[in-house]
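J.: Each chain is listed here by its residues.
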Amino acid sequence: MNEGVNRSQKTVLIAEDNVQLREALAFKLMRNGFNVLEASDGIEALTQIKGEKIDLVISDIRMPKSDGVELITNIRNIDARMPPVIFLSGYSDLSLEKAYDLGCFDFLSKPFNTKELIEIVKLATELGGIDWINSQIDDGSNIEVLSLDKKDIVIGKLHDPEDVSLGRGGVFIGGSDTSNSVCKEGSLINFDISFKGALLDKISFIGEIIWVRNSPEEGLCPGIGVKFRCMSESSEKKILGCYLEEIPKSFIPIGNN
Amino acid sequence: MKRFLENRGDARIAVVDPIDSSRNMILDVLKNLGYTDIATFVDHEQFLPYLEGKSCDWLISPLLIDKNINTLQMMKLFTLEPRLKNLHTSLMLDIDSELDYLNEAFELGLLSYHKKTFVMSDYDKELSDLVSMIDLYDGDTTLTSAEYIRSFLKERHFNRTRIAYEQNLLSMYPGEVRVLFSLAEALFLNSKEDEAEGTLQQIVLINKQLESRCRFLRKKYTGQDDPKEEYWGFKSNPFGIKSCLLIDSDTDNIFNMKQYLEKFGIKNIEAYEDGEQAWEAICTDKEPELILTEWSLPKLHASLLIQRIRSHGFMKVPIVVVSSLVAKRDLSLIEEIGADRILKKPFEHEEFLETIVWTVQQNRQPTEERSFVLKIGRLLTTNRIDESKRLIGECLRNSIISDAKKYYILAAYQYYLGDYKTSYQHAIKALKLGTDQLFILDLMGKCLLQLRQFEKAYICLEKANAICDLNIERLLNMSSAKVGMGDLTEAENLVAKAKQLDSENREVVIADAAISIESGKIDKSKGLLSKLHSGSKLVSHMNNRAVSLVKMGKLYDGIKLYKRTLDTLPEKWEDLKNAVSYNIALAYSKSGDLELALQALTNIDTSADNESELMKKIHSLQVRLKKAIQKGSKLEFSSNVDGDHKDNSDYSFINEDFQSISIGRGDIGSYRIFYPIDDVSEERKKSLSKMPKFKFSNVSNDEELLSNKVFVYK
Numbered sequence: 001m002n003e004g005v006n007r008s009q010k011t012v013l014i015a016e017d018n019v020q021l022r023e024a025l026a027f028k029l030m031r032n033g034f035n036v037l038e039a040s041d042g043i044e045a046l047t048q049i050k051g052e053k054i055d056l057v058i059s060d061i062r063m064p065k066s067d068g069v070e071l072i073t074n075i076r077n078i079d080a081r082m083p084p085v086i087f088l089s090g091y092s093d094l095s096l097e098k099a100y101d102l103g104c105f106d107f108l109s110k111p112f113n114t115k116e117l118i119e120i121v122k123l124a125t126e127l128g129g130i131d132w133i134n135s136q137i138d139d140g141s142n143i144e145v146l147s148l149d150k151k152d153i154v155i156g157k158l159h160d161p162e163d164v165s166l167g168r169g170g171v172f173i174g175g176s177d178t179s180n181s182v183c184k185e186g187s188l189i190n191f192d193i194s195f196k197g198a199l200l201d202k203i204s205f206i207g208e209i210i211w212v213r214n215s216p217e218e219g220l221c222p223g224i225g226v227k228f229r230c231m232s233e234s235s236e237k238k239i240l241g242c243y244l245e246e247i248p249k250s251f252i253p254i255g256n257n
Numbered sequence: 258m259k260r261f262l263e264n265r266g267d268a269r270i271a272v273v274d275p276i277d278s279s280r281n282m283i284l285d286v287l288k289n290l291g292y293t294d295i296a297t298f299v300d301h302e303q304f305l306p307y308l309e310g311k312s313c314d315w316l317i318s319p320l321l322i323d324k325n326i327n328t329l330q331m332m333k334l335f336t337l338e339p340r341l342k343n344l345h346t347s348l349m350l351d352i353d354s355e356l357d358y359l360n361e362a363f364e365l366g367l368l369s370y371h372k373k374t375f376v377m378s379d380y381d382k383e384l385s386d387l388v389s390m391i392d393l394y395d396g397d398t399t400l401t402s403a404e405y406i407r408s409f410l411k412e413r414h415f416n417r418t419r420i421a422y423e424q425n426l427l428s429m430y431p432g433e434v435r436v437l438f439s440l441a442e443a444l445f446l447n448s449k450e451d452e453a454e455g456t457l458q459q460i461v462l463i464n465k466q467l468e469s470r471c472r473f474l475r476k477k478y479t480g481q482d483d484p485k486e487e488y489w490g491f492k493s494n495p496f497g498i499k500s501c502l503l504i505d506s507d508t509d510n511i512f513n514m515k516q517y518l519e520k521f522g523i524k525n526i527e528a529y530e531d532g533e534q535a536w537e538a539i540c541t542d543k544e545p546e547l548i549l550t551e552w553s554l555p556k557l558h559a560s561l562l563i564q565r566i567r568s569h570g571f572m573k574v575p576i577v578v579v580s581s582l583v584a585k586r587d588l589s590l591i592e593e594i595g596a597d598r599i600l601k602k603p604f605e606h607e608e609f610l611e612t613i614v615w616t617v618q619q620n621r622q623p624t625e626e627r628s629f630v631l632k633i634g635r636l637l638t639t640n641r642i643d644e645s646k647r648l649i650g651e652c653l654r655n656s657i658i659s660d661a662k663k664y665y666i667l668a669a670y671q672y673y674l675g676d677y678k679t680s681y682q683h684a685i686k687a688l689k690l691g692t693d694q695l696f697i698l699d700l701m702g703k704c705l706l707q708l709r710q711f712e713k714a715y716i717c718l719e720k721a722n723a724i725c726d727l728n729i730e731r732l733l734n735m736s737s738a739k740v741g742m743g744d745l746t747e748a749e750n751l752v753a754k755a756k757q758l759d760s761e762n763r764e765v766v767i768a769d770a771a772i773s774i775e776s777g778k779i780d781k782s783k784g785l786l787s788k789l790h791s792g793s794k795l796v797s798h799m800n801n802r803a804v805s806l807v808k809m810g811k812l813y814d815g816i817k818l819y820k821r822t823l824d825t826l827p828e829k830w831e832d833l834k835n836a837v838s839y840n841i842a843l844a845y846s847k848s849g850d851l852e853l854a855l856q857a858l859t860n861i862d863t864s865a866d867n868e869s870e871l872m873k874k875i876h877s878l879q880v881r882l883k884k885a886i887q888k889g890s891k892l893e894f895s896s897n898v899d900g901d902h903k904d905n906s907d908y909s910f911i912n913e914d915f916q917s918i919s920i921g922r923g924d925i926g927s928y929r930i931f932y933p934i935d936d937v938s939e940e941r942k943k944s945l946s947k948m949p950k951f952k953f954s955n956v957s958n959d960e961e962l963l964s965n966k967v968f969v970y971k
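Chains A and B supply the protein sequences, listed in that same order.
Residue numbers are given in the working numbering: position 219 of the first sequence equals residue 219, and the series is strictly consecutive.
Residue numbers are given in the working numbering: position 524 of the second sequence equals residue 781, and the series is strictly consecutive.
Worth double-checking, as some hints may not be accurate.
Claimed, not checked - Just some of the chain B residues that point at chain A, by a computed CB distance under 10 angstroms:
1) L290
2) D381
3) S389
4) I391
5) D392
6) Y394
7) Y405
8) S408
9) F438
10) S439
11) N464
12) L467
As the list claims (entries may be wrong) - Which chain A residues face chain B? A few, computed with CB under 7 angstroms, are given here:
13) Q20
14) A24
15) F27
16) T114
Unchecked claim - Pair by pair, the computed Cβ-Cβ distance ranges are:
17) N32(A) <-> L674(B): 41 to 47 angstroms
18) K122(A) <-> N447(B): 37 to 43 angstroms
19) N77(A) <-> R627(B): 52 to 58 angstroms
20) K601(B) <-> N74(A): 48 to 54 angstroms
What the hints contain is simulated information worked out from the structure, not anything from laboratory work.
Ideal placement from N, C-alpha and C gives every residue a C-beta, glycine not left out.
One chain only, chain B, in its complex shape (with noise of 0.2 angstroms):
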């Protein structure tokens, strides 16, 4: 979460005005304020060089619309240049005439604007109360630019952008009661009464603290105490969420949960009283977009059904654990297998309901700790890797989240980068400065098992585990570390662990299949095999496995392991296993039996269907392969050619710049929050039209970034 302005003593202050007057004024205001960083220019011309080498928290300026380089410029300038973006802009403005242009300058991430004036406690108030209402809205400058908005809305009457602009607004802040109250204003303002009366009484229910001041909306613009009835026809959705999966084994808890939701206009909730129940819907249907499910459920236990969703590929989804049946031991376990938060059993709708309120507002922008380890873990996991990035500079310039978690949080990115070194060293501070040895200690074991340093990873796994025993993910991660040991009797041991835990876990039943083929029981792997709808998760990890053991320098080894997988692989899956004998004749290749490396391809039949990226694959293989019989030559090969993305052993050092990722929504007070309905006068686009330019100095930057305490690469 940005929090504006949040130590007066390091906030950097720029005041633009060719008026020496009202500069001073201004000055002077700010320095009763308490700001001591305040830089003064007389044009953006004089203050463009100064921001090239320092970093700037607010501007203070006019608009200067006659200028060569208008304030406009300046803003749309801030949202381009990723290390600008945590400057934010406040007008003063001509109120008569000026006005016209807030649309541009909201829409730029305007934070907020003021009448011109030449009386300085004027000024005085208006800075102070700004300040004051950041520290409000706990230094939101989006909730705090709102506010201005919403007063630049009202007095220009323009009531239908405040209805869309309260519902942009609300899809970031889902149930937010401040938006919701003034998107119920606005509807009254648009003649839709039943739609703000629908509104209304979410926030009720939302917070009973509210009431009063609903009631006062309503007489305000319908004159009546009370609804003429306590009416639900029209439903609005401010958590945006469209469905919505409820287990529990208690119906009437069911009931009520249902009940509120639907109050929210939550359409699509579909409710089942078992784990399995539960599962088997979850597998054929899309992802829902909330999960309400109690603890101790019957026939699934959730903490399996949990792990299931997740490596179902349903990373996205909030899952919120509902019972008074967790022990303390759990609390690890529910999370590490990723559910969002707990809610104890019996609980007031109030809570439920503030429960869902911040579940869903943490999903989509979290501000606490754990809530930014989770998003950034799903972010990466789902490959939405720029929005991650930007996620993850976010949290590295945020004050509250501890240099431990901010290690952690580059380690797991790291390792999705695939650079488990440098994920390893992460890791290690993290671990050194303190942080839940749970994650870390799991993150490096599967940091070693990929670098292949077996023993040292199960060792970290092993410790892990000491903690919570109960992550079937852990387990089978163990159990590959055990393989790579050599030691198949503890890895057959491990993955029967986990079938204790959960047999029909998609992952158990890949481990288990693939155990079975590593110690040659072809029939058990192709009995697990059949539980399967896909095998190529199954081929992909006998490949790594393969790999590593030819990386070991132990090639038949990887052979006879790429020849049992073919064994066991179903003849309906004709593509993999022309897969897998594509990576045998490879591996022959490179070890110079191109004899048998031709081979292994006779079987295949290139000519059917040459259209796909693997047969042309194989057909041109074949076609090397016969060349270079002919001419008893070797092979040669480019360096990815087998499969093998990521090269370890070149390790080097990725200084990621997480400053120099693109804004976002709502990054600058409303940044692409704001959207007037209202055409954009030609005057003014011109005002917006040639920009300023702009270079960075980088040396005085990055003293710049150390000095602002920005969390920086150690």
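So that you can see chain A by itself, here it is in the shape it has in the complex (with noise of 0.2 angstroms):
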């Protein structure tokens, strides 16, 4: 353990093969606050998480030796949910849907914009894994969200959806009419999920559409991944309570065939 980094101050390791962009990013997040560790490839990446104690990976896709999805793999395998994993990512390299099923915890392209970048870095520290908060919701009326921007929320409501699965930090909602003109990336939708006798009888959350499947690809069923961005409790503790057995590694599931 470092004995020079205070107890309050979090770590973020940057595995990230390009030395140039390595070094700028790693002096702004220690003008930031933050304690930083580097690693030019996922294998040197991999021996500092399991030495220290990390809060926060942000990785490169393309690297040598081992790449970001090897080493998002061989991290959720150590641990479902920490440390959490932001992806930067250069065009092409890795599609959102199978960047945050491999459990990544946010996605950013690049060239990333730096403000973005040290907010979604405040907030996966402080968080801790999860990328929700907890508040009211009460069938969706009068639910007031101060740190979701100001997107207009929708309001969504689904009886028995035909395909659910849930992830870590999100569900994937399959079959549903992704035509809708509120079914585009980045609507902030109020759900109200009620299902027919099963463990999850309803739930409530709010939720940001990270990417539409509009038709079957790969094999796959059209469908939206959702990221979590506020919750009740109720629903938290029931969420929850599906994860006892295992907690899952997707952060938002890819969705089933």
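Since each chain sits alone in its own frame, please combine them into the complex, following the hints.
T.: Given below as structure tokens:
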């Protein structure tokens, strides 16, 4: 363990083979109060994760020796939740669906916006692997959610949807009518999902649509990937209850065939 | 501050590459990154005509060393052609054979280099990483290029060069931890462990967050977790400050500040406990490089001390007001009298050092609006006109600076040039756009004063004074306005107000003496003059006033004023007395009273010292007067003889081209910061020997300026 680090200071590991970018990012994060470790590939990164307490990993996807996909798979095999991983990706390195299914916390494409990245890093290190806040939600009416920017929140009710799979930080909702105008990336929706006779009888949460699959692709059915952003305590309890046996590695499941 | 590629939609990119496949690959990558305005060329000969008609932000190209025009020549051109100073270059290199050219390329301002590849995703990563880095460095291309320079120097094991480079960079970014850290590493690599250790400890003092990073570096090079002891044996000076002045009656605070500053290698630190003591020391020494002062100083309040320092001609030194006792109403005064920053007491050492770093950095390379205004003002008042023009150009192009401030800066510039009408017009525009009224009203008042619009000048100055009434210079200007209006009583009252604030301020003494001369109180003005080391400022003040009277047709009032000035000046200032006599003679000559003119010069012995300019002039005037009297003719004058150097009646709009100022250190990448120690080979010298011909087509260029949202005169 590093003695120079005070207890409240969070440690971020940057896995990036481009040394110029890695250094520039490291100093930016240090200036923002983080302790920073660096690795130039996935193998180096994994060694450090095994040896140090790390609060967050920021990883490039394409790296020599062991890439970001391999790294996150290895990390999630050790611990399903911690440390959270933020991917920095070039164009078409990896799809959003795949990245979240592998268990990443967030995904920024390069060139990234520094302010946005810092915000996400702060959030990820504060929330420790989840990306939602607790708030009382009653059927989508009269909710005040301060942290969700000023985006319009659409209310959506789903009764016994055909296909829902629960991830660590969101859900896949399949078979829904994705041509609906609210079904677009970035929309915030107050979901109210009731299930017939299932363990989760009813959950309410505000979620952000991260990706939309309009038609079957590579054998996967259409649907949307939704990230939890805000959730009532009772819904949180129900969802965490589902995790009791095993915490899913996937942050937002990619869906079923 | 140059903010490169700030807006992806606006950026204009050129890709020059003779190989179709790689050119198209880069084009596709750039499109994927969100750039829309991309032009491609097979060689620089094709690119040049395009560049003559259009501006461009970013050139991506291989070296093309065997071509008719190579990329290094193009880069050289960008440094010579001021309109191309925002054009940055990224090189696609054959890493095995072309790395040697990087020395020249970096010195010419190269932004980045990348390995030539035939895989699109490699270019995608390289370029998207570069754009991310530029964003991480807030659009600063010098700091961005520095990362590439470090990689290059590491690769080549040019460790000595690296120390020199980081030190050069540090002089532009004093106290910047990224640079300091890299310097420490370079020192370790050169086995200068003590210096490296000293630098590491400075970094931790500036920013505690970097402690574990420093530990890591130390361990890597020395194998040890901790330094042997708190090691300050070697103190490098990352702020580049040699002398510093501390003024505070709280000796504990002095002790603390001194201790920190000493840890940063500042050797010459003087400390004083009150304003009077400090002032005495300042008067007898050269300009310090940093002043830290408590606001409410005993004996002489800092507000007055700072005004004295500035009117003493010490314009460059940054001043930090360190105090818990700064009232809100003092803030505009602190800004007006030219203090750089306020640091609230009590402070943590990190806050203290952060303030020093910020102040020194902004003083060298402003990035913030207020720092720009301060620095430009300082450059103008110290006659560094080229530097100030360069900075004004930078300022006009800077999107973080409001249009109102831009007009204010232009107004200040024209005021300095003596074009008071243009200055006034710019100030009016600034006022309409609504920036700080105080500064603009003050400047407008000063312009009107010069234009002899005394009533209007007084109104502006009085309004400014209502906002902030402790500015001595303004009170004296108000007094001058009243003198111009013929209201000597009110003028005296205003000087009295200034005296109440600080009767020892040199400007106050001069103004007091001037108004005494004006109202015929010769004894009083004699007494006041004995306080001054030199009377030249008073004489030039009286000269301006007399010239102004003559211009208003009050010739004899002007001459009366000259004569009283002459009576006031003590015998020891013979040169000044002669100058005044000469002016009296000129005034008489112009009015045709040649006998009286000659008489004014009778007591001057021109035979003793014929070497001085003034004596030559006097002698020549005497000769001409005698001849004219003999012939009974008039004297002819060329327009500028009487020292009235600027004729304001002939108003012409000076359309100063701030874009065409030569480019400076660090304007493009690490231009002129990177000095490779290694000799440049003949072959490489050849690569730069001939220059491409280049000419801007003017018409489209104006359109360019407009379309690029560059600030233009309206």
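J.: Report holds or violated for the interface hint on L290(B), using the least CB-CB distance to chain A and a cut-off of 10 angstroms.
T.: holds, 6 angstroms
J.: Measuring from the C-beta of D392(B) to each C-beta in chain A, is the shortest one below 10 angstroms?
T.: holds, 5 angstroms
J.: For the hint on L467(B), just tell me whether its beta-carbon gets within less than 10 angstroms of chain A.
T.: holds, 6 angstroms
J.: Is the interface hint for S408(B) satisfied, with its Cβ closer than 10 angstroms to some Cβ of chain A?
T.: holds, 6 angstroms
J.: With a cut-off of 7 angstroms, does the beta carbon of Q20(A) approach a beta carbon of chain B closely enough for the hint to hold?
T.: holds, 4 angstroms
J.: Taking the closest Cβ pair, is S389(B) under 10 angstroms from chain A?
T.: holds, 4 angstroms
J.: Holds or violated: 41 to 47 angstroms for the Cβ distance of N32(A) and L674(B)?
T.: Distance hint for N32(A), L674(B) holds at roughly 44 angstroms.
J.: Just to be careful: measuring from the Cβ of A24(A) to every Cβ in chain B, is the smallest value less than 7 angstroms?
T.: holds, 5 angstroms
J.: Once the shortest beta carbon distance from D381(B) to chain A is found, is it less than 10 angstroms?
T.: For D381(B), the interface hint holds, since the closest Cβ of chain A sits about 5 angstroms away, which is under 10 angstroms.
J.: Assuming the hint says 48 to 54 angstroms, is it satisfied by the Cβ distance from K601(B) to N74(A) or not?
T.: Between K601(B) and N74(A), where Cβ atoms are some 49 angstroms apart, the hint holds.
J.: Hint validation: S439(B) versus chain A, beta carbon distance must be below 10 angstroms. Holds or violated?
T.: For S439(B), the interface hint holds, since the closest Cβ of chain A sits about 9 angstroms away, which is under 10 angstroms.
J.: Once the shortest beta carbon distance from F438(B) to chain A is found, is it less than 10 angstroms?
T.: holds, 8 angstroms
Of the numbered hints given earlier, the model fails none.
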